[in-house]
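Asks: Residue numbers (the numbering used here), protein chains in the order written: chain R, 60 to 448; chain C, 60 to 448; chain Z, 60 to 448; chain X, 60 to 448.
Among the clues, some could well be false.
The calculated BS3-like cross-link candidates involving lysine-lysine, where the alpha carbons are at most 25 Å apart (straight line), are [to be verified]:
(1) Lys291(R) with Lys170(R)
(2) Lys364(Z) with Lys170(X)
(3) Lys159(R) with Lys359(C)
(4) Lys201(Z) with Lys359(X)
Worth flagging that the hints you see were computed from the coordinates, not collected in a lab.
Next come the chains, spelled out residue by residue.
There are 4 protein chains.
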Amino acid sequence: MLPIIETIPIVQLASGDRLFIQVYKFLGDNPGPKAYIQSNLHGAEIAGNAVIHQLIEFLQGLDASQITGEIWLVPVCNPLGINQRSQHFSSGRYHSYDGKDWNRIFWDYEKEATDISQFAESQVNLSPEEIQDNYREIILKKFHQLQTDINAASGVPFVEQYRYQLQSLSLDANYVIDCHSSTNQGLDYLYCFNSREESAKAFLLDYAILMNEYDGDAFDEAGMKPWLALEKSLAKQGKPIQFDVESWTLELGTGMQMNPQSVAKGVRGIQNYLAKKGMLDIPGFPLPETTSHSVIFILKNRIRKYYATAGGMIQNRLPLGTVLQKGDCLYQLLSFDKTGQFPKIIDVPAVEPGLIFDVCTNYSANQGDYILSIFQGEPEKFGKINFDF
Amino acid sequence: MLPIIETIPIVQLASGDRLFIQVYKFLGDNPGPKAYIQSNLHGAEIAGNAVIHQLIEFLQGLDASQITGEIWLVPVCNPLGINQRSQHFSSGRYHSYDGKDWNRIFWDYEKEATDISQFAESQVNLSPEEIQDNYREIILKKFHQLQTDINAASGVPFVEQYRYQLQSLSLDANYVIDCHSSTNQGLDYLYCFNSREESAKAFLLDYAILMNEYDGDAFDEAGMKPWLALEKSLAKQGKPIQFDVESWTLELGTGMQMNPQSVAKGVRGIQNYLAKKGMLDIPGFPLPETTSHSVIFILKNRIRKYYATAGGMIQNRLPLGTVLQKGDCLYQLLSFDKTGQFPKIIDVPAVEPGLIFDVCTNYSANQGDYILSIFQGEPEKFGKINFDF
Amino acid sequence: MLPIIETIPIVQLASGDRLFIQVYKFLGDNPGPKAYIQSNLHGAEIAGNAVIHQLIEFLQGLDASQITGEIWLVPVCNPLGINQRSQHFSSGRYHSYDGKDWNRIFWDYEKEATDISQFAESQVNLSPEEIQDNYREIILKKFHQLQTDINAASGVPFVEQYRYQLQSLSLDANYVIDCHSSTNQGLDYLYCFNSREESAKAFLLDYAILMNEYDGDAFDEAGMKPWLALEKSLAKQGKPIQFDVESWTLELGTGMQMNPQSVAKGVRGIQNYLAKKGMLDIPGFPLPETTSHSVIFILKNRIRKYYATAGGMIQNRLPLGTVLQKGDCLYQLLSFDKTGQFPKIIDVPAVEPGLIFDVCTNYSANQGDYILSIFQGEPEKFGKINFDF
Amino acid sequence: MLPIIETIPIVQLASGDRLFIQVYKFLGDNPGPKAYIQSNLHGAEIAGNAVIHQLIEFLQGLDASQITGEIWLVPVCNPLGINQRSQHFSSGRYHSYDGKDWNRIFWDYEKEATDISQFAESQVNLSPEEIQDNYREIILKKFHQLQTDINAASGVPFVEQYRYQLQSLSLDANYVIDCHSSTNQGLDYLYCFNSREESAKAFLLDYAILMNEYDGDAFDEAGMKPWLALEKSLAKQGKPIQFDVESWTLELGTGMQMNPQSVAKGVRGIQNYLAKKGMLDIPGFPLPETTSHSVIFILKNRIRKYYATAGGMIQNRLPLGTVLQKGDCLYQLLSFDKTGQFPKIIDVPAVEPGLIFDVCTNYSANQGDYILSIFQGEPEKFGKINFDF
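Same shape as in the complex, but just chain R (with noise of 0.2 Å):
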């Protein structure tokens, strides 16, 4: 089947050259849920581009009756933060402009809502559906006020448009999906939602970070922290509801590249998620081992991070996947003087046990520069994973 396709103008630029989003949009024969998935908001993080790629091939050889809703993609979503450079790199994790992260910009209902535990005191006679399209309406109505300043002569900031434009396609969907990937080099995982736990098994990742903590401006965070909020106002007044919205952010590896693994992880769990949320009807899928699979749930503020104690230069490394005791040596520090001294080794132990998920690129570090990233846990957490690098 052939998708439709939106090309949406974002920026103009000074010299007057525009850049565009551009959506494929396939519309399935029955009527269902929406879901919507992007790629490369930050600017080193490709890999979601050869997953939308291949989604986008294998939805084309699906016929339209197989498709149950409509299942929206837009792959490199963000041309400011992906065509920039620094010297080879791809720097477009932040706008150079103003210092704004482009996962960190996204506009959350929650922080304008004057009083949702009213709302659903006034909803609890009605079905959930009900419900839903209720609170998905008032959303839609406040989100969509934003247009006011975005078109006055007084205008607003690039990051206040373009958040608008990827809201806007996205706001309504059910399930969104957003694929990034490290900025440096990462194990495949993604995040979970509190509550969500069992629909993140469909992904068939190992790991899931489990967001105990948000604040909304995230783009998985934008779209979900609302409808949490209602969830806890009804369970308050006795009306548990799980809503039909979900919200997803995929990590696929490594930075500023597309890890055929990683991207051959990404395309299978999409499609096994769409399966099993029954959007697409293709043979062998939900697949088979979609119940047994096992994720393994870390706490975001079980996350630890490690930052150069000192300036100079990285070596001996634990690889990407090493699972730790506590007091490993995780790295060395080769640490250069300017004050007639030798240079000397530091070596940097772990302060608990755990699982290094995330290492740098970079082996030079400034002070407090970064190194790496654990999920704090006991060996025996992670000892059944094999590793092949």
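Dock chains C, Z and X against the given chain R, drawing on the hints supplied.
Replies: Same frame as chain R, now just chains C, Z and X:
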């Protein structure tokens, strides 16, 4: 008199070199409050360096008997930000490593305080001085617990080390003055916290932005916010106190410049403020005009910023300091085209009356780039001022 | 009259977006020479955009019978450089990918010519027009061979694709005008090649830098150098000819600005130059003052640039346009210390007499940063000029 | 034995802070030649720092009697380049202030020499040692005249101060070794000047680029070029001499890394080279394989670099070290669209046979971005090598 000069290493770089901050401490003969004055936290905002240089020279010319309390001065307080260059320009507004705005990194006790109202309750029978001492002790104790993370093998990001150094010097001060200027081109004004309007006069500046909103991440906010919270809590409990604690950000003109008029205003204002606080015993100070000096206060949420609504080049912009009627043409955007059309001129009208207090240095604008800022208000409010540019 | 408008893609970005240049071609009724005018090759140098915009509007108001030959105009000619930002500043002087200065990338036929003197010898019996045609043909043939590499699977660096696009438009022009301005803050002047001094007058600017040295990498040089080489070679062979080929760089004031006075001078100068060349038939032009206009020529190697001899902040700098005696204090460096000493003031004297024609925008200087530029010469040489800033 | 450690300030920053280089000088008991070894001239190229660190430790373990002549080592030789960051990456290939490539700034005596052939003529009756001494003296005298400009009130750009510092240390050395690596990801190889092929063997690397073209701006070139010119001139006059002067650039693997294998090769190669030159008396060295070691020399103009012919994402790239036939698919470009079309895959074939010796780190490419480099040549030339990645 001679100050004590202390040199503090703040970072070891990858090359092994170290960068420092240097504190000039003038200790008066008479015990009294502590004033802390710094400059150049943002790399482009250099006017305060000349102010502090002149204050150092001025204080050297005094006798220790003329100073009550102690005055600490830290010019060029952010080496990483100051020395950063992009082409010929000072690009040090945010850290080139992680995009963090150098003035949105600070530690705010209130965010970690478990229960300020409980503390307030426990102090209602004490004198203001006792409460101030007790609260200060609690804040400092909590603050110095940050050392545990800083000294751990896992380290902390540079901005967290750096803020610890600056706040170690300033957190026990009664009066904190942070000298900024516009990143672009601006008038001279200051930021003033609610309830400190009377003190603001002593700086003898024409405008003040009244901080009716703040989140505690800026340097002035981080120092002041916990005290305002305690004052509010005590007031609720029927014990209104204004502690001898104040925090100020001075905005001294245009970025990448040390405009002599702005510098002179900064020096005179700080001398007068310190004299008013009884810290300087110098002839003629506080200046007689201090009490009658009229400051125009503008609420922080009554600032309107303009951003380019299209890409292009700015022409015929009204000058800095212009008082506006609604609908006045603020500037034109000469917008070029890349689709076979002619360039066009877009007139941009003022959406409300006010005073232009800040304008961009760069007349080339991508859509969403910053153009200028306005204090909203009727022309009469600003009518008496004369600008001589 | 209406121009032909041509839109040319110059690059596809990683995101799939494309950037363009757009040419406005005014074709006169009468055959004649070709003039090529561009602006904003360096990102910060925007004044020429307003010049070209006004020229487009002016030419639209003419009748095709008033134009002899054709006039091509390319405003905002370097999208990658123009849209580049570092913080609020236009950092587009060099390509952020490889550090190449956008105006040191051009193709110079002379560097590839096997034997110009042999060619000259072969042409001594032909008319200047014939020689000009023959040489042009050779240059263009060689130039278009660059396509082989550009079209190969191995590709070429972006700067080589880009220069090919710009030079494709301009290499057959008789008169090339490249509108620049200072990266920093500067007077209005132009660059003039040896032997074209008489033509320079028509621009009605007060100063010209006489290019007694050039290497062919700049846009004006790349166009002109092969012709000067041929002229020299023919002269050696007893056939002095001045071809109807000229190439100019106009420097129109301050960077990141479109100063109205600089823009007006640019517009008037180009109109007058084209009228003088017989391309424009407009009342009153060439202006009567053209022949008597006196230009102060300064040899390129008689420019003195000053760089900071220590790190610090600049104060009390003499203003742009000042005529100097040797030993005059040009500026002071307020140099801070990090070894326990006081800040100090360094006076920087002029090492010879002259005129300040360019000054840095940024008063914060690392050791070795640029401060200002001087046309060397006795004060009498510059004495007659009045500056009104 | 202990080295003499000298710390040399190279720049005072705007903040007043200073950066340094530090030289470790091992002076042998026996008079002899001088070797100069530096690393990290380009900010991302850090492998040489580990090499020099290990050499310092190794030399400390020797007795002064084991060293003939003197060995100077300068790790982390370019603080401004090394500490530069753009996001998490080391962007120090060119100076962020003026775009100058840190390894294209050096002073080449030949460019200023008035007449080397005249000098050669004047020396034909002297011994090689005498000529070498006389020439060295002339070079150094001319070089130190640069101080006049450096010390003048007008100053010089930072790169000119900096090159003066580095060349002051190295210009009188017999053997200069500059440790680089790829900005991206590369094999281990070295640059070798014409006529020094025999000496190159001692580094025990598999590949060498033979410098049949050079302009004297790189560090190795600036040291070597005047000597090659003199040798050529003397040869013309019938006095073929090879002076005891050599200059090398080692390329040690991948940027932003200190790959242990590359480091080990660097250490062993330099030890062996110094032993071969008679400067180190250590058991087993020079290694027996030195004379039989076979180096594959590739002419500098037989390197082919590939650049993206469209914007897009790179996939299925052949790995570093692959030996190619003409027409082999080197990589695919996944090119996205913003005009309503589908993404497409572009296959990029090899335009000639050869060996992939360098590949980009970043798989996201604007049109014209660098992809990979090839040593051109028939597969048989490279066939014997085994790569184990």
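Asks: If a hint holds in the structure, say so; if it doesn't, say that too.
Replies: Hints versus structure:
At roughly 16 Å between alpha-carbon atoms, Lys291(R) and Lys170(R) fall within 25 Å of each other, so this suggested pair holds. Pair hint Lys364(Z) plus Lys170(X) holds up; C-alpha atoms about 22 Å apart against a cutoff of 25 Å. A C-alpha spacing of about 21 Å is found between Lys159(R) and Lys359(C), which places the hinted pair at or below 25 Å, so the restraint holds. The suggested pairing of Lys201(Z) with Lys359(X) holds, with an alpha-carbon distance near 24 Å, which does not exceed 25 Å.
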